[in-house]
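Chemist: Chains A and B, in that order, are what the protein sequence lines are.
Each step along the first sequence adds one to the number in this note's numbering, with nothing skipped, and position 89 is 89.
Each step along the second sequence adds one to the number in this note's numbering, with nothing skipped, and position 122 is 1122.
Note that these hints are calculated values from the structure, not bench results.
The beta carbon of each residue, even a glycine, is placed where N, CA and C say it ideally should be.
Be careful, since some hints might not be right.
[Said to hold, decoys possible] Chain A regions said to be covered by chain B (calculated; three or more residues, Cβ under 8 Å):
#, region
1, 4-12
2, 37-48
3, 82-96
4, 132-143
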Amino acid sequence: MAGSLILIDETTVTSGVSSVTLGGANWDSSFDVYKVVVNNVVTDTDGQPLLFRHLDSSNNAITTANYDVAFKVLRTDTTFENAYGTGNTFHFIADNNIGTATGEVANAVLYLFNSNNASEYTFHTVESTYRNNTGVLRGAQGGGVLDSAVVTKGISLFMNSGNIASADFKLYGLVK
Amino acid sequence: MATNLQFIKSASGTSVNSLSVTDCFSAEYDVYQVLITKSDISATDYAEMRFIDSGGVDSTANYDLATLELKAYTSFNELRATGQTSFQYMWYSTNGSENQTSTNILIYNPNDSSSYTFFTLQNGANFITGFGAMGNKTIGVHKVAEQITGIQFLLSPATFDNVTVKVFGVK
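Isolated chain A (complex conformation) (with noise of 0.2 Å):
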């Protein structure tokens, strides 16, 4: 039986590197939605958000200011945020601080759409659970928008400073 979730691109991170790219030089644009599951990620530096950026059709990461979100942080310790923002210059999958010790890891699912469309802004969404660098239980729930019109070939995903330790990061297509 074919299947439905087609894997493109994986990356394990076993010592620390600055950014990992899904997709680029192995980007399939016969898709029009994408899957992206992130795991497991430790930072090296204490008290760091995990971010990402959409590659442009060189591969390389668009770092103008295009990248709109609001999200719903879902957290242990007090009421539930509400996180929004224009003209940033990445998105947020961890939008809080992951600290370093044991169990302050990030994991999430990203869906990303109308990548392959260079008429068309790439939209996302966002489902993360993760534990900050005080211990707290939290996790944004909601989406954004890379708003320009261009072809993107996948995600640069890094911390906000210091380095990515492990991880564990697949892209997959969803079959039409």
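With chain A fixed as given, assemble chain B onto it according to the hints.
Modeler: Positioned in the frame of chain A, the structure of chain B alone reads:
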């Protein structure tokens, strides 16, 4: 064309207050998708979840959870809990076979003995008799670095009239 979402096992129960899905996690996958495709319960209640380790069902006080309840009939509601003996608020239902459930859970790293086990949950909507539709978005963490081998869903004091759980691996 190979599929990267692979069915592992399913489990069902009738007139039970708990359902365990044993030995569904392994080194084969890092991330699992769990679907609750049937959940008829005997009385209004929250379904709970616990993990199963080498010693059986873990009921130690190591479960943290936060959930946002999205209600069609009133304002949304937040629930938070830390250091509990289960994930207390997985989905909410009233009695009635027509009003249950559409729950999708992603579980991260249960097999990794050096990692905590996290999950996210989305419940599209249950129909709450006398009120209307209610769904929820939930996150949770089991704060023990150990290997998890299975899951248990439970109710107290209600029981499941019928419950069906399906487990998939994300390869």
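Chemist: Tell me, in ascending order, the numbers of any earlier hints that this structure violates.
Modeler: Result: hint 3 breaks, nothing else.
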